[in-house]
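**Student:** Following the hints, put chain B in place on chain A, whose structure we already have.
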Amino acid sequence: MNRKLDKTLNRWLRFERAGDGRRAERELHRLLTALPPASVPAGFADRVLAASGVPVRGRSRRGVRPWIWRTAFGCWVVSGFLAAAVAVGFAADLARSGQLVALGSKLVVGLGRLGTETLAAVGGLWRAAEAVSAALSGPATLLLVLACALSSLMALRALHSVMALEGSSRHA
Amino acid sequence: MAASDQRLIAEALRGSEDAYRALVERYQRPVLGLVLRIVRERGLAEDLAQETFVKAFGALATFQVERKFSSWLFKIAHNAAIDALRRRRLDTLPLETADADRPDLLDFLPGPATDSPATALEARDLGAALAAAIAALKPEHRSAVELRFVQGLAYEEIADVLDLPLGTVKTHLHRARKKLMETLSAGGWQPAGG
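Keeping their order, the protein sequence lines are chains A and B.
Oh and the first sequence: position 120 is 120 in the numbering used here, straight run, nothing missing.
Oh and the second sequence: position 119 is 119 in the numbering used here, straight run, nothing missing.
A hint or two may mislead.
[As the list claims (entries may be wrong)] What follows is a set of in silico ranges between Cβ atoms, one per label pair, in the way DEER data are often shown:
hint	chain 1	residue 1	chain 2	residue 2	range
1	B	A61	A	G19	45 to 53 Å
2	B	R14	A	L146	41 to 49 Å
3	A	D6	B	A10	42 to 50 Å
4	B	R14	A	L143	45 to 53 Å
5	B	E25	A	T118	50 to 58 Å
6	A	D6	B	A154	27 to 35 Å
[Stated by the list, open to error] Cross-link-like lysine-lysine pairs, in silico, DSSO-like; alpha carbons within 30 Å at most:
hint	chain 1	residue 1	chain 2	residue 2
7	B	K75	B	K170
8	A	K7	B	K138
9	A	K4	B	K138
10	B	K170	A	K7
[Said to hold, decoys possible] To spell it out: a stretch of chain A is covered by chain B in this simulated footprint if at least three of its residues, at any positions, have a beta carbon under 8 Å from a beta carbon of chain B; those stretches are:
hint	stretch
11	23-29
12	40-46
No wet-lab data here; the hints were simulated from the structure.
In this text the structure is predicted, and so the values were computed from the model without any measurement.
We put the CB at the ideal spot given by N, CA and C, even for glycine.
Isolated chain A, as found in the complex:
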C-alpha cells in the first residue's frame, strides 16, 4: 500500500507542477481515498435514532414491568377457575333438579357429562371442582368472581396505560 501511496503522491505532484489539473485531481482523489476514513464511534446509529425519536431495537414490550404481566395473568387464571367451579356447581344443581328438562335439559346434561368426562380425564379435576363449588356456592362466590373479573379488567387497563406510556417516552 505504501509503494502505491508513494507512486500516487509522485504522480499528483508531477501533474500539479505540470499544470495538468484533470490528472492532478484524479491522483489527489486516489491519494486521499487510500487513507482510512474517519472512524465512527460505537453506538452512533442508536444515538441518532434515539435523538430522532425512532424506537431503538431491543426496547420493546420487554420494557413493560414483568409484575404487571404476572398480576394480570394470575387474575385471569384465578377468576377463570372460580367461574368454572361455580358454573359446574350450578350446572350440576340444575341437572339434578330437572328444571331444565322442558327447556332442553338433555342438552345441558349432555354438555355437563361431556364436561365431566373431559375433566375426569385430566385426573380428578371434576371432583375437585365439585368440592370447591360445594364450599363456595352462594352469593359470596359470585361476589368473589366479580371481584376477580374486576381486578383483571383493572390490571388490563394498567397494562395498557403502561404500554402507552412506554411508547410515548420512546418517541419523546
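**Tutor:** Frame of chain A; chain B shown alone:
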C-alpha cells in the same frame, strides 16, 4: 443488493426503524468525515454529525425524492459545521501548530496494515502531512477538498451542497490543490526524480 436511498426513505417514512438505521449506517462515515474535516475537533464533529441526521430525519417528509439524498444530507452537515465554526470563531490553523499527535488529525492517518514498520511510519507521516495541510486550508476549501477528493462528488453536486456557483467551486478546488502542493513540497514531500 443494497436498497436505494429512495426506497429506504419511503420505508422510513412508513415507520421502518431498519430503514432509518440503514440510512444512518450508509452515510455516518461520509457525514462525520466532512464535518470533522471542517471543524477539526472530534467531539464537536460527532455532535454535529448526530445533529445532521436528526435534522434530516425531521425534514424527511419534505425531501424531494428526485434530488440526491447524499447531496441533501451533506448540505445539512456542511451548514451545521459552518454554523458551529461561526459560533466558535475557529480560524484557519497556522501550519506549524498542526502535527501528527493532534487527536482530530489521527482519524485521517493510515492504519497498521502496511509492509513494514518503516513504511508504516512513512505512510503515517504522509497521512499526517496531508491531514495537516488540509487542516490549514480555509474552511470553504476544506469542504470542497473533502467533497471532491474524498467523497468523489461532481462539481455540480459540490456547488449544490456549498450553495456556490460552479465557477467558484472550481476556483476553490484549484486553489486548494495548489496550496496543498506548496505545503507538502515545503514539508519535504517532493516527486521522485524531480
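**Student:** Could you run down the list of hints and mark each one as holding or not?
**Tutor:** Now the hints, each set against the structure:
1. A61/B - G19/A: 45 to 53 Å: holds, 48 Å
2. R14/B - L146/A: 41 to 49 Å: holds, 44 Å
3. D6/A - A10/B: 42 to 50 Å: Hint holds: Cβ distance 46 Å, inside 42 to 50 Å.
4. R14/B - L143/A: 45 to 53 Å: holds, 50 Å
5. E25/B - T118/A: 50 to 58 Å: holds, 56 Å
6. D6/A - A154/B: 27 to 35 Å: holds, 29 Å
7. K75/B - K170/B: holds, 18 Å
8. K7/A - K138/B: holds, 28 Å
9. K4/A - K138/B: Answer holds: K4/A to K138/B is near 29 Å, not above 30 Å.
10. K170/B - K7/A: Given that 30 Å is the threshold and the Cα spacing comes to 26 Å, the pair holds.
11. 23-29: Contact hint for the stretch 23-29 of chain A vs chain B: holds, 4 residues under 8 Å.
12. 40-46: Since 4 is at least three, the answer is holds.
Every hint, counting from the list given before, is met by this structure.
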